[in-house]
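Number of protein chains: 2
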Amino acid sequence: MPARSSPASQAARPTAGKAATINDIARLAGVSKKTVSRIINNSPLVRKDTREKVEALMREVGYTPDPLARGLAFRRSFLIGMVYDNPTAQYIVDMQYGALDALRESGFELVVHPCDTRSPGYIDGVRRFVQQQKLHGVMLIPRASEDQNLVDMLAETGCRYTRIVPVGFDDRDGRMIVTHDRDGAAEAADYLLTLGHRDVALITGPLAYRSAIERTEGFVGTFAKRGIEVPKSRIIEASYTFESGVAAAEKLLAGKQRPTAIFCGNDEMAAGVYKVAMRAGISIPRDLSVIGYDDSPLAARLWPSLTSVRRQTRDTGRIAATMLIRPDNGPLPVASVRPHLIVRDSCQPPA
Amino acid sequence: MPARSSPASQAARPTAGKAATINDIARLAGVSKKTVSRIINNSPLVRKDTREKVEALMREVGYTPDPLARGLAFRRSFLIGMVYDNPTAQYIVDMQYGALDALRESGFELVVHPCDTRSPGYIDGVRRFVQQQKLHGVMLIPRASEDQNLVDMLAETGCRYTRIVPVGFDDRDGRMIVTHDRDGAAEAADYLLTLGHRDVALITGPLAYRSAIERTEGFVGTFAKRGIEVPKSRIIEASYTFESGVAAAEKLLAGKQRPTAIFCGNDEMAAGVYKVAMRAGISIPRDLSVIGYDDSPLAARLWPSLTSVRRQTRDTGRIAATMLIRPDNGPLPVASVRPHLIVRDSCQPPA
DNA sequence: CTGAAAGCGCTTACAG
DNA sequence: CTGAAAGCGCTTACAG
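Protein chains in written order, with my numbering: chain A, 2 to 352; chain B, 2 to 352.
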């Protein structure tokens with residue numbers, strides 16, 4: 002059989018149907034595949050002109066390395082996991098958008114993993130997710146991010162992670178983004194103080210979560226600084242749901258001694274306050290001022306539109322993902338995101 | 002060097018730190034790795050007792066095949082992509098939950114890919130996503146699912162897909178889930194007719210989308226069957242946003258000749274109607290009945306709570322993902338999901 | 001700065 | 001029904 006029809010000489014260029022591989026690039030460029038590999042991985046051990054020649058070729062051929070093959074050799078995939086236990090759809094979607102902002106053109110993809118932190122096996126579920134997929138890293142979203150058992154498991158398996166948490170968590174590794182909830186609540190309190198409110202109430206999320214504690218302390222503390230104590234009877238612990246907001250509002254708005262303003266731990270519960278007030282003929286904001294937290298789509302759609310504390314959710318997601326795909330995995334400075342008040346139509350000075 | 006300390010004899014059991022591989026299982030079970038591979042892939046060409054023995058061993062060791070290695074050999078990953086261009090967060094999250102219901106314990110994971118169908122390069126973006134990740138399949142969510150160019154690109158690259166679409170799309174391949182929007186709108190119309198409404202109005206989504214057309218025709222057609230024509234002046238095309246709902250409602254509610262009821266193509270626009278009505282002192286439902294579409298969280302949180310058409314979003318996502326991971330890739334019967342009306346407090350007979 | 005060999009953990013194609 | 005060889009497209013470990 003004549004040697005000239007050897008497969009090697011036929012495959013001088015990759016076929017249109019099949020994608021080019023590292024071998025094609027190496028052969029076409031006249032270098033070893035190891036050199037191509039070095040270029041893919043941004044190794045400094047490549048001469049500049051070699052790098053440029055090969056990179057031009059890769060662009061021309063439209064070559065991108067196969068993440069499956071790279072993952073197998075690296076023993077680590079190019080997938081970022083997002084682990085969350087949060088009922089607020091807009092928050093989750095914003096966080097996903099933010100993460101994808103950072104991941105775009107990076108070769109990494111985002112794999113979603115909602116879970117139920119109250120179910121006993123959930124940590125094992127995350128462990129299997131992380132280990133089977135050989136995840137490059139995971140983003141821990143509130144409230145799952147507050148679970149130290151989850152973080153310990155991740156540290157034990159050696160999986161890198163970033164946590165999105167309020168102030169008050171151990172920051173020795175630096176891989177966290179701190180959401181200054183206290184500041185957001187304080188800004189809401191300042192605003193109400195400025196309007197002249199003195200008799201205010203608070204509907205908080207479950208105080209088992211640090212974020213709920215931070216928001217409560219931020220609000221109550223700001224009034225305390227002005228010498229105004231918010232009495233215990235004006236603070237109701239609810240569960241971040243609409244229904245729990247309704248129940249809390251019913252208590253607060255029952256008697257004659259109503260507060261002139263209510264600050265809610267999220268917009269869902271604020272919507273519950275709206276419902277109770279509307280039903281009772283209590284006019285917002287004339288008879289009652291209301292402030293929410295989250296600045297969810299709900300806030301602008303309620304009537305009157307709801308003043309609320311906006312979180313930088315998309316930015317937060319972007320920062321968290323950026324941390325995970327940094328080439329070096331050393332300690333990082335702790336990142337901070339600050340909430341701020343969006344003033345709409347739900348507050349005015351007390352009557 | 003004595004032969005007894007050979008690596009092979011030391012590695013009789015996989016180490017605690019390292020996960021077992023197909024080689025460990027094969028050696029421990031006394032079969033070839035090819036036989037283990039057949040068992041992983043549910044090949045019928047394995048004797049029953051061999052299969053049971055090996056499966057027991059895999060459970061005992063806690064073995065799961067590496068999706069990276071399998072993907073490399075198969076030339077296809079174990080990832081399902083979700084491609085969407087939809088602003089409604091709850092809809093997207095529900096669809097993700099549904100897909101994950103189907104993917105749980107299957108070895109597949111869900112990779113999200115939001116995109117902007119109005120940007121010129123978006124189809125190339127999806128193509129790169131699909132090809133680089135060697136996706137097992139993609140779910141096409143409305144409204145991206147209506148884009149024939151997208152579907153054509155996918156067919157060309159050989160990537161399997163499922164589309165979630167209204168009635169009216171080519172179903173030769175069967176890989177679609179039909180969301181009978183027309184029926185949902187008809188049910189809303191029937192309900193208003195039963196309450197006695199005759200002078201009704203309609204705020205639709207962009208009629209460039211088949212789903213908006215279906216909802217419009219379902220509503221108008223049901224009135225037509227009763228001999229009632231909905232005049233063109235009572236039909237306003239908006240863009241599914243809150244703001245566009247506000248603008249449409251302002252037109253419809255301006256003069257003295259107001260309709261007694263308004264059906265909206267989604268809840269966002271219905272919230273816009275609420276805002277305009279509230280501001281104008283038009284009482285819902287006394288002076289005006291309103292129906293939305295989506296049954297989003299907003300519906301229950303508005304006051305009065307909004308009657309709305311519920312879509313089986315989570316079921317839809319589950320069915321779409323189930324289709325994609327079926328072992329056979331042949332033609333399938335077209336799946337159907339039916340919307341239904343959730344009656345709340347926003348409608349009553351006309352004054 | 002560059003490369004040849006071996007390996008990551010699976011499957012395909014072939015043989016029996 | 002079972003298996004030995006080669007290969008998927010990369011990287012690691014070593015050598016130069």
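Any given hint could turn out to be false.
A pair holds if it fits inside one copy or across any two, identical chains being indistinguishable in the list.
Mimicking EDC-like on lysine to aspartate or glutamate, the simulated pairs with C-alpha atoms at most 20 Å apart in a straight line are [what the hints assert, rightly or not]:
| id | residue 1 | residue 2 |
| --- | --- | --- |
| 1 | Lys135 | Asp67 |
| 2 | Lys54 | Asp153 |
| 3 | Lys252 | Glu106 |
| 4 | Lys35 | Glu53 |
| 5 | Lys34 | Asp50 |
| 6 | Lys54 | Glu244 |
| 7 | Lys135 | Asp153 |
| 8 | Lys19 | Asp153 |
| 9 | Lys19 | Glu157 |
| 10 | Lys226 | Asp200 |
| 11 | Lys19 | Asp125 |
| 12 | Lys226 | Asp191 |
| 13 | Lys233 | Glu218 |
| 14 | Lys35 | Asp153 |
| 15 | Lys54 | Glu188 |
| 16 | Lys257 | Asp67 |
| 17 | Lys226 | Asp184 |
| 18 | Lys252 | Glu238 |
Simulated from the structure, these hints should not be mistaken for laboratory data.
To see whether the hints hold, each was checked on the structure:
no., hint, in the structure
1, Lys135 <-> Asp67, "both (16 Å within a copy, 9 Å between copies)"
2, Lys54 <-> Asp153, "neither (46 Å within a copy, 35 Å between copies)"
3, Lys252 <-> Glu106, "neither (52 Å within a copy, 45 Å between copies)"
4, Lys35 <-> Glu53, "within (16 Å within a copy, 43 Å between copies)"
5, Lys34 <-> Asp50, "within (16 Å within a copy, 45 Å between copies)"
6, Lys54 <-> Glu244, "neither (64 Å within a copy, 53 Å between copies)"
7, Lys135 <-> Asp153, "within (17 Å within a copy, 33 Å between copies)"
8, Lys19 <-> Asp153, "between (44 Å within a copy, 19 Å between copies)"
9, Lys19 <-> Glu157, "between (41 Å within a copy, 13 Å between copies)"
10, Lys226 <-> Asp200, "within (15 Å within a copy, 58 Å between copies)"
11, Lys19 <-> Asp125, "between (40 Å within a copy, 17 Å between copies)"
12, Lys226 <-> Asp191, "within (10 Å within a copy, 59 Å between copies)"
13, Lys233 <-> Glu218, "within (13 Å within a copy, 56 Å between copies)"
14, Lys35 <-> Asp153, "neither (37 Å within a copy, 38 Å between copies)"
15, Lys54 <-> Glu188, "neither (56 Å within a copy, 65 Å between copies)"
16, Lys257 <-> Asp67, "neither (69 Å within a copy, 66 Å between copies)"
17, Lys226 <-> Asp184, "within (14 Å within a copy, 59 Å between copies)"
18, Lys252 <-> Glu238, "within (12 Å within a copy, 43 Å between copies)"
The structure does not agree with the numbered hints 2, 3, 6, 14, 15, 16 stated previously, though it agrees with the rest.
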